[in-house]
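With the hints as constraints, model all of the structure from the sequences given.
These are the residues of each chain, in order.
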Amino acid sequence: MSATTRFLRCGREAVLVEVDDLDTTLTLYAALRAAALPGVIDLVPAARTVLVRIDPAVTTLAAVREATAALRLDPGGGAAGGTVEIPVRYDGPDLAEVARRTGLSPDEVIARHTGTRWTMAFAGFAPGFGYLTGGDPRLEVPRRDSPRTRIPAGSVGLAGRFSGVYPRDSPGGWQLIGRTTVRMWDPDRPEPALLAPGDRVLFRAVPA
Amino acid sequence: MTMTVLRAGPLTVFKDEGRPGHAGQGVAPSGAVDRAAYARANTLAGNPRGAAALECTLGGLRVRFEEPATVVLTGTDAVLTVDGARTGVEEVVAVPAGAVVAVTMPRRGLRSYLAVRGGFAVPLVLGSRSTDLFAGIGPARPAPGDSVPIGPAPAESARGLPPAGEPATDAPLEVDLGPRADWFTAAAIETFLSAEFTVSPAGDSVGLRLDGPVLARARTDELLSEGMVRGSVQVPPDGHPIIFQADHPVTGGYPVIAVLTPAAADRAGQARPGARIRFARAADPLPGQE
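One line per chain: the protein sequences are P and Y, in this order. Numbered per numbering that gives the first Met the number 0, the first sequence spans residues 0 to 207. Numbered per numbering that gives the first Met the number 0, the second sequence spans residues 0 to 289.
Source of the hints: derived by calculation from the structure; they are not laboratory data. Idealized CB from N, CA, C, for every residue including glycine. Take the hints with a grain of salt, since some may be wrong.
Here are some chain P residues the structure puts well away from chain Y; computed CB gaps all over 10 Å [what the hints assert, rightly or not]:
hint : residue
1    : Thr3
2    : Ala30
3    : Pro136
4    : Arg167
5    : Pro196
6    : Arg199
FRET-style restraints, in silico, Cβ to Cβ [as the list claims (entries may be wrong)]:
hint : chain 1 : residue 1 : chain 2 : residue 2 : range
7    : P       : Ala56     : Y       : Leu192    : 28 to 36 Å
8    : Y       : Pro148    : P       : Ala35     : 28 to 36 Å
9    : P       : Asp73     : Y       : Ser156    : 49 to 57 Å
So, in structure tokens, the structure goes:
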């Protein structure tokens with residue numbers, strides 16, 4: 000367990016486990032999944048925390064804290080997922096704006112977005128939406144000042160140090176650089192979300 | 000066995016105990032907003048734990064049972080009418096084939112739970128029959144003309160329960176402080192635990208928005224998104240708290256000052272716009288029982 004693990008009370012049926020950084024979070028999440036502690040009914044990984052929800056009829060928060068603190072974390076153990084390739088048409092409405100903000104040409108933005116393997120860190124915002132990290136640091140851009148009211152499903156965006164793909168039509172404030180036809184969320188699949196925490200993602204440019 | 004929907008009312012959805020275990024995919028637990036009232040309806044109807052019921056906000060539902068059925072309504076002071084005849088609060092009603100059953104408008108509370116013996120057999124989505132209005136997953140909302148399947152009656156017979164009694168509507172909602180109470184000033188914590196808040200009309204099964212004094216933060220940096228639970232009291236930059244209800248998003252980016260106890264979260268789910276509420280610290284759980 001990392002030296003600075005903190006257990007934060009989150010009501011009667013959950014505890015928030017806070018660690019140092021995203022890598023440790025992914026490792027902790029993988030370790031908790033592998034441990035399958037009795038009475039743990041859900042794990043919510045995020046940027047620096049994993050929320051552990053319990054069934055109080057089966058276990059206690061004290062027992063879960065103790066078992067979590069005793070976990071052995073293998074560095075890099077969280078990045079054991081497979082690699083998913085996502086073809087993207089880079090013709091998004093904010094591509095020029097992202098190029099201007101980063102001081103890159105649009106082609107360089109595309110090269111850098113496709114040039115590194117991203118890691119799905121955690122889900123949120125909507126079913127099937129994964130926060131992807133580990134991209135080229137030059138691509139860090141703020142959210143748009145004014146969110147759009149409707150972004151089509153498959154839109155590929157950037158915000159902060161994250162990239163992500165909108166799983167369905169929704170409002171949103173990310174900078175949109177392209178679009179994919181891959182379905183990020185399909186309720187008819189056994190695992191409806193295309194990406195799980197720990198998965199690697201490689202974007203590939205396809206002709207516009 | 001089927002039930003035909005004649006009128007759905009302002010907001011009626013299928014609910015059960017929700018779909019835990021899918022947060023990694025961005026799917027929140029959802030489930031009934033008032034868990035205790037939902038569980039009570041199933042017990043009275045003689046259903047096993049977890050059978051799907053209808054969560055009916057502000058009455059208005061009207062249905063026809065095509066075969067004889069056993070039904071019960073809990074959660075508010077609304078009652079069922081059978082072919083226009085009123086029944087009692089929480090009365091377990093034997094409905095004859097072809098009878099029209101309606102849910103009256105509650106005067107107290109917001110969400111009533113209609114359970115039928117056998118449960119509503121709508122398809123499971125990720126292990127649950129709950130409609131998650133935030134995520135947009137789960138069974139479609141019932142609409143006029145829909146034919147809703149009813150499951151086979153369970154082997155065991157229905158059980159009685161002592162009357163629910165009047166809820167203590169003036170009692171404060173009990174909370175445990177944290178996980179991010181340290182993001183607020185001591186004065187804000189004191190205000191949170193003593194002031195009166197008013198339920199805003201802009202609330203739903205995702206979150207209950209409160210008007211009242213502003214809760215000042217001791218830290219102004221941005222919190223990294225983290226997991227949320229039912230009953231999380233999240234405070235956005237405007238200082239007005241939001242109580243997350245069953246259909247909350249899996250993660251949120253604003254600090255949570257406190258979390259309601261499960262019983263308090265149930266009561267919050269029955270608070271109507273304009274209702275005044277207060278918060279109080281819950282007694283600490285006994286060692287080993289938290």
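Compare the structure with the hints numbered earlier in the document and write down the numbers of the violated ones, lowest to highest.
Going through the list in order, the structure violates hints 4 and 5 and respects the others.
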